[in-house]
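Respectively, the protein sequence lines represent chains A, B and C.
Each residue of the first sequence is one higher than the one before, counting from 1227 in the working numbering.
Each residue of the second sequence is one higher than the one before, counting from 84 in the working numbering.
Each residue of the third sequence is one higher than the one before, counting from 66 in the working numbering.
Derived by calculation from the structure, the hints in this document are not laboratory data.
Small disclaimer: the values here were computed from a predicted structure and weren't measured.
There's no promise every hint is true.
[Claimed, not checked] Partial selection, computed: residues in chain C whose CB lies under 10 Å from chain B:
#1 PHE146
#2 SER148
#3 TYR149
#4 HIS154
#5 ARG215
[To be verified] Just a sample of chain A residues kept apart from chain B, beta carbon distances all over 12 Å, derived:
#6 VAL1286
#7 PHE1291
#8 TRP1292
#9 GLY1304
#10 ALA1379
#11 GLY1419
#12 ALA1424
#13 ALA1427
The beta-carbon is built from N, C-alpha and C at its ideal position, and this holds for glycine as well.
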Amino acid sequence: MATQHSRSAARIMMAPAVFLLLVWMLVPLSMTLWFSVRSYLPLRGGDQGFVGLENFTRFVTSSAFWPAILTTLIIVGGVLLISIVFGILLAMLLDQPMWGQGVVRILVIAPFFVMPTVSALVWKNMFMDPVNGLFAHLWRFFGADPIVWLSDASVFSIIMIVSWQWLPFATLILLTAIQSLDSEQLEAAEMDGANPLARFAFITLPHLSRAITIVILIQTIFLLAVFAEIFVTTGGAFGTRTLTYLIYQRVLESQNVGLGSAGGVYAIILANIVALFLMRIVGKNLDR
Amino acid sequence: MARAVTTQRKALNTTLAWIIGLLIFFPILWTILTSFKTEAEAIANPPVFLFFDWTLENYAVVQERSNYMRFLWNSVIIAGGSTILGVLIAVPAAWSMAFVPSRRTKDILLWMLSTKMLPAVGVLYPIYLLCIQLGVLDNRLALVVILMLINLPIIVWMLYTYFREIPGEILEAARMDGAGLKEEILYVLTPMAIPGIASTLLLNFILAWNEAFWTLNLTSVDAAPLTAFIASYSSPEGLFFAKLSAASTMAIAPILILGWFSQKQLVRGLTFGAVK
Amino acid sequence: MGRITLDKVQKAFGEVEVIPPLDLTIEDGEFVVFVGPSGCGKSTLLRLIAGLEDVTGGQIRIDGNDATSVPPAKRGLAMVFQSYALYPHMSVRKNIAFPLRMAKMEQAEQDRRVQAAADVLNLSDYIDRRPGQLSGGQRQRVAIGRAIVREPSAFLFDEPLSNLDAALRHGMRLEISELHKRLDTTMIYVTHDQVEAMTMADKIVVLQAGVIEQVGSPLELYKTPRNLFVAGFIGSPKMNFFDGAEAAKHDAHTIGIRPEHLTVSTTEGMWKGTVGVAEHLGSDTFMHIHPEANPSETITVRVGGEFSATHGDTVFLTPASDNIHRFDADGMRMG
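Given only the sequences and the hints, what does the whole structure look like? Please build it.
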């Protein structure tokens, strides 16, 4: 509800943001689409013309494709599982009355603010180094042979590093959601004879379902794009090449832009499938 | 009404939570501690926790060898510039959407969100190429603009959710009182929204500071911020734990402090208002 | 001066017509109340006059000048909002001075006017506080203060008392009426509360679904409601309606009798009935009576003073014959 005058003012005020994002979306996107149907090797002959969908089929049939997809799924799934399960437990613990709650919250949330390159490097060297790392010391202390984490358990190591960064995020959001649960509901359930486990299953968990969905969707979008953690630790070796990293290698390392762009189109489609679900939830929320 | 809990129960909660909290925080704590050790102490087995000769030498070496200050300055310029620029563009847009909503407002908001979902790697080469063509590869201004565009949807969304909590009647009152559009936004909306604008600035500064895809791929020397500075420690300097720790501590300390102030806003900002 | 004329003013939100073309003249210095049930378009009408909404058709004239497309700031009107809409980041003083500051009035004159308004409204003690530190009644006064400093040609009030508790509401009602007497400026007041309308207005405009049902002084509306809607809306407790045989006796489709125009007796009368609920207020007694002829209906009766009757008692009712309102099949007043 407003006047004509304010409506036209609103359009003008919205224009810069809309225009910039439109350009930011359309220009690179159409360039990627353009490159994806061409044989384009900047260092080896440049643009060698239209090749139809060849890049798309080559990208999918290359020996690196399915392992990359599998790695991506394992990393995304693993981090999601860890951050949701432990996130719920941690959020419920932090919701309990205790001394120094504020400080504990700060301790728990801190890893989220550590820049990805730092966390990757710290984990890689100071913890996972097979000679001087803290884990190696720990293993030796118990008489075991230190594990060469980033080559022998490379995917697991990446999952651990990334989970360390994203568990705080999940915890914080789930904690916020738990705190919005009306405690009278729990008391009513208690009066109705529900034991703690039943209260969790029938009251707390359904209340959290929306927040859990949101955490899953948002994290998936960010996790699909995980880059620095792999770049710094394994450089894509030892089976840690995700779809994102594969595309990066095709584009910037082997400078096969056509092929990489086709991969980029796949990545965009994949992300959009997830995004569609997220937008529906967020969109519903807007109508309130 | 929360029920009173026995002291025993509370003590148990406290112990458990502190143990887990410290465990999660440990890598950061360990990094900070190691940064004050000598290289020999840093790799000592068994590890030393507090009883070592505290030294600031690593910090001096890191600064001297890699000119930490330049990277820091780049980070500040890139993160700060992109955030401020983003807010300047987003305030009018968010005003429009919050106070003069139309049937398309929701679609526009969701569309903006969808641009945020675009995987960076999908458009890596076009952006890379454009930067080369325009001669702005390894250029701070280019990164300011790019990071601004990346975070613009979040900035608009955060401001929008804050603005929506301001009753429209107050802005109408200002209009009745003779305020034009400029006065309405400058004297009434902005002062009322200062907490929201501040937390938007804070969160987006953090996000831009930690951004490690574009900053790694589009910079080399001149515009490289702290993310690239740390990545350069990947090898072989990474084996010098104490120096690595000093560099890491310097890269994360400013943002850890800011981050602690913004935990509440973090939820709202990163869930697009869907969890409050 | 503040003579406001609405000429075929019309408002639609998209396809939905909220206000069909409507004519109304508000004379200078008049206290006009728009009253009607929620959703009747009274607030929209006020916002059209204020300029916060565009009219879809028609013309709004203020003192003879066409103001239809003049922005709100330039119409010379002041508005008091339902939520008061005070600027929370400004002190009371700054809130009141804001319209003057927007008008770029010189500082000395601003101070003088703010002080004068604060004195009139007893706000001097709180002048440097923020709205958040004030009670509901005080906030209401600040909102009024902000309206009066500009010396507008008319005041617009949008349900200003609905957020106050009952006691405060009564006090503010008197204060606003007094303010009107003193300033002698046009006031347009929107409310859904017919008591507010009856006690404050020079002229009441009854609205339903965007249509003016009747315009008149409070007593005109009370004595000669133009149709069933106005008859039922004005007056408390509500008028009793009868159709069928009782109405036919008076050559009407429907007849209406106000609760205070029925006499009650325990011995004799026109209609026999049983007392359902009796509310004893001391000053008045309200009884809800189920007539013998049709026990599922309820007739409300108001008796001055105390009338001792309780649930289940049998009573007789007699209407005062010169206070029977007659309506035709279309619900319009007859005779």
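Verification of the supplied hints:
1. PHE146: 5 Å, holds
2. SER148: 5 Å, holds
3. TYR149: 8 Å, holds
4. HIS154: 4 Å, holds
5. ARG215: 8 Å, holds
6. VAL1286: 16 Å, holds
7. PHE1291: Since the minimum Cβ distance to chain B is about 15 Å, PHE1291(A) lies beyond 12 Å and the statement holds.
8. TRP1292: Holds, since 18 Å exceeds 12 Å.
9. GLY1304: 18 Å, holds
10. ALA1379: Fine: 18 Å to the nearest Cβ keeps ALA1379(A) off the interface.
11. GLY1419: Since the minimum Cβ distance to chain B is about 17 Å, GLY1419(A) lies beyond 12 Å and the statement holds.
12. ALA1424: 18 Å, holds
13. ALA1427: 21 Å, holds
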